[in-house]
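Engineer: First to last, the protein sequences are chains A and B. Take the first sequence: its position 98, counted from the start at 1, is 98 in UniProt numbering, and no numbers get skipped. Take the second sequence: its position 168, counted from the start at 1, is 168 in UniProt numbering, and no numbers get skipped.
A couple of the hints might just be wrong.
[To be verified] Derived contacts from chain B toward chain A, CB cut-off under 8 Å, selection only:
1) Thr201
2) Gly204
3) Ala213
4) Val456
5) Pro459
Hints were generated in silico from the structure; no laboratory data involved. The beta carbon of each residue, even a glycine, is placed where N, CA and C say it ideally should be.
Residues per chain, in single letters:
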Amino acid sequence: MQVDEADVCARVGDILDAHGGMEGPLLPILHAVQDAFGHVPMAALPVIADRLNLSRAEVHGVVSFYHDFRSQPHGRHVLKLCRAEACQSMGGDQVADRARALLGIDWHQTTPDGAVTLEPVFCLGLCACAPAALVDGRVVGRVDQARLDSLLDEVRA
Amino acid sequence: MKDFIIPDDRDFGTPAVKAAAMVTLEVDGFEVTVPTGTSVMRAAAEAGISVPKLCATDMLDAFGSCRLCLVEIEGRAGTPASCTTPVAPGMKVRTQTAKLKQLRRGVMELYISDHPLDCLTCAANGDCELQDMAGAVGLRDVRYHSVENHFEPRRTGGDLNPQWMPKDETNPYFTYDPAKCIVCSRCVRACEEVQGTFALTIEGRGFDSRVSAGMASDTFLSSDCVSCGACVQACPTGTLQEKSVIEIGTPDRSIITTCAYCGVGCSFKAEMRGDEVVRMVPWKSGKANRGHSCVKGRFAYGYAAHKDRILKPMVRETIHDPWQETTWEQALDFAARRLRAIQDKHGRQSIGVITSSRCTNEETYLVQKLTRAVFGNNNTDTCARVCHSPTGYGLGQTFGTSAGTQDFDSVEQADVVVVIGANPTDGHPVFASRLKKRLRKGAKLIVIDPRRIDLVQSPHVRAAHHLALRPGTNVAVVTALAHVIVTEGLMNEKFIRERCDWDEFQDYAEFVSDPRHAPEAVEALTGVPAAEIRAAARLYAGGGNGAIYYGLGVTEHSQGSTTVIGIANLAMLTGNIGRPGVGVNPLRGQNNVQGSCDMGSFPHELPGYRHVKNDSAREMFESLWGVKIDPEPGLRIPNMLDAAVEGSFKGLYCQGEDILQSDPDTKHVAAGLAAMDCVIVHDLFLNETANYAHVFLPGSSFLEKDGTFTNAERRINRVRRVMAPKNGFADWQITQMLANAMGAGWSYDHPSQIMAEIAATTPSFAGVSYDLLDREGSVQWPCNDAHPLGTPLMHTDGFMRGRGKFIRTEYVATDEKTGPRFPLLLTTGRILSQYNVGAQTRRTANVVWHPEDVLEIHPHDAELRGVKQGDWVRLASRAGETTLRATLTERVSPGVVYTTFHHPQTQANVITTDFSDWATNCPEYKVTAVQVALSNGPSDWQEDYAAQATLARRILPAAE
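All chains, please: the whole structure from these sequences, using the hints.
Structural biologist: Okay, structure coming up:
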């Protein structure tokens, strides 16, 4: 999905207007932009920088610091698998390998049909129910092989 | 350390703290006393103990990331970083213990595990802090071998290493090699704290952290980077490295000298190998620049060795002949005979000189001496005529001296800064960086300029008020500000009663209180909303220390002198004179324009601003020089040209100035020059004026001579010879040879003797000598018995003239008016990368930033004319026309267009008119009524000019 630069500027302008007067507004603005576009388009950075009296380098520094801010649109669904220690000890690695094999993609990649983006995540605070996953923002616990397959069926549909 | 050559220049790790209260502590058993708030690292350095460090440097605030500068403090747990730990009374610090040694070595091992071990072939070899620190901590072995690293293009298996990034070589002067980077953030912090551009950042995090210029799609060249060199200076490794060092190698000696570009007068270390400049490095102890630089001084010195430079004297019978190379003796003889022949035929007043604001004080002094003592007239003028002559007049009338009142350090204490008709980020970049630093700490800014200059809004800077006035209405705006201050009772009556003439104040107060000067009354004229003027006036009058900085947008008007007087009035009304953080500060354009004025370059003034009618001043020079001095003022530049066209002025010696390109109404200048019988151009290059010259004397660059420059803060800085003159002689020697060819019998062996003569004859320079300058680094005049070390702040106890003088400032509209044929107003200015007529910067890689002059036009005006971005347009005024490319921008208001005058192909001054300041003839560059239309290509004038220039530049070699 390619976004038109003029469209980005206009929509980011509206988001900036909505955040006028807020203290420390950069992160809320970036979240709003990501919500609106599914990612943070590069064309948005100079517009944000100009309004907040920052340089575009500074905004780029913040955006690139947080892995959750994406520079490219993600797939229709985002599957995040926990890669932290507790989940690894409960078989997370095998689940992750299976997910990558079945989807035919690696971390941070999107399936060619645009259905699923696979992301690693480091601890969802769900260690008691490890291995854990996050499907389009919904947490799922005890992700064994069967549950993974049903999750994959769900997101590939 | 980058400053490895001069041991005194050592890096204290964190900036000096200005605090009155002192703290005594013990470092490794040595007692040391430092100001409160000083870091332990700096305290140790002051005791002579260097704590190992990588991310710390005294140009930047402490950051505490490298973990190398750890120390142990008695009674405290752990090993704090000495750069971020402030001193405390009685603190006992150990900088070298078994535990610290082990920790530091471990940290260095980690650094080196992700760094290429290519020291021998690295450009930073011998000049690398990482290398130094590996030595300092005794690194002998690296136990860690990286699986993932940033420095190998390919992994062991032969696969491409995704973490490896190629060099960014887009900047013409330095390279960024990510493979050598240790991510200490010094470059990012230098860009933010020192330069204030915020062009760099650290992208990513953890192992993925990289230095990035701009955003992901940017290179160094496409980013906001202004190539000031602060990041290169800060880099402790070879990551950011001057290309000249990569090409030549490290320097072996360095000499402190002064930059020859703008009026900031930055001190530099010329780092040399043999007689080749390896690099110019800003000198930390330079009092004007405090270790900072801009792209011009730091990098754009290559013109001095450019192939276009003329190294042999040349002569020709007429300007239609080709040039003939000849010997110095023959050229000077030719010149002397011609000048004397003109005087014999047309009288003593028929020849004159133009002194250079680019040459040294000593050279300027000799040129005016040449006309006064050898030619026997006062026909001397200088380029200050076309820039800051109204400053001389205006401040002279009101305060009693024609110079800025402060030093640059003063801006650190300003609370409200007013910038009028100046664009410091382009014209005076190092001052702009110092100003922006103060603004980031909370000072308020008022910008009065028709254009939305960068200071109005740029990262972390936003002007409280931008009064975007119509060009030519400065006086109305300044008087309206005074109206608000007086009618709202915001003036400082105590100051006025104590320091100024009360009767004159009352007269002025009555004048400005008239409702016709109210912001509401002039709003339609100036285009500035009345409420903005009122708010700005209240802020300046009531916001604490108010400092005014102004530039050529004030002076280059038909009422330039009136605006300067109005500015002085504002400062006196509010008591913003005579202490740190306040004042009236002209930002002088050229490196030595202050000095050229001081040295008696004007036709009515002897050195030290003493009128030629003043008998005692004349007698002093007469007795020393053994000649009679003409008591009548001579001709100003425009008068010389008028007289030339009339036929009464026939010969001109023009040193280091290109009047054809820089002076207004190019056609008139060309006609005047063409009418002369002997034009002597003394310059580095065959400049535009040389197309009309009969004698060309090759000049020497600032690297090739000794002397002094005087900057905008009256600071007399030493210029030191770092190499022999490529043309054979320093400029002062050439002027002396010309004088002697005319029978003067001068015998100066060194510029210090000329300075001694200046000191002996000029009261404000009485205490100046080369010994003093070598000892103190620099001094600000007046420097005499009362102020043996110079005068950083003027008018501290009383005005130089006695009482401050208020003068009425009646607005009179310029005769240059818009109308149906010429509906737009053109104003002109500078850009960061180019300097003045561009003779130097066009001959450096700086052209990548500004290859041609462009016309800024508001999108609304462009649309009306069918002009699109990048279109060729014809720019026409009553005086002439030229063509250039248009750029659409909202920086300029509708009705206003803007261009620069750096390129002779464009010749913006073909357009400008010969209207000028009522008091000083300073031309009205800043206001010209113009029309803009689409065009197919160069104007007839441009084609004729190019053809004439090609013909005029033919050179025949000397007959063997």
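Engineer: Hint by hint, note whether the structure agrees.
Structural biologist: Hint-by-hint comparison with the structure:
1. Interface hint status for threonine 201 of chain B: upheld, as the beta-carbon distance to the closest one in chain A is roughly 3 Å, under 8 Å.
2. For glycine 204 of chain B, the suggested interface contact is upheld, since its CB lies about 5 Å from the closest CB of chain A, less than 8 Å.
3. At about 7 Å, the closest approach between the beta carbon of alanine 213 of chain B and any beta carbon in chain A falls short of 8 Å, and the interface hint on this residue holds.
4. Residue-level restraint check for valine 456 of chain B is violated (minimum Cβ-Cβ distance to chain A is 11 Å; threshold 8 Å).
5. Interface hint at proline 459 of chain B: satisfied, since its Cβ lies 4 Å from the closest Cβ of chain A, which is below the 8 Å cut-off.
The structure fails hint 4 only (numbered hints given earlier).
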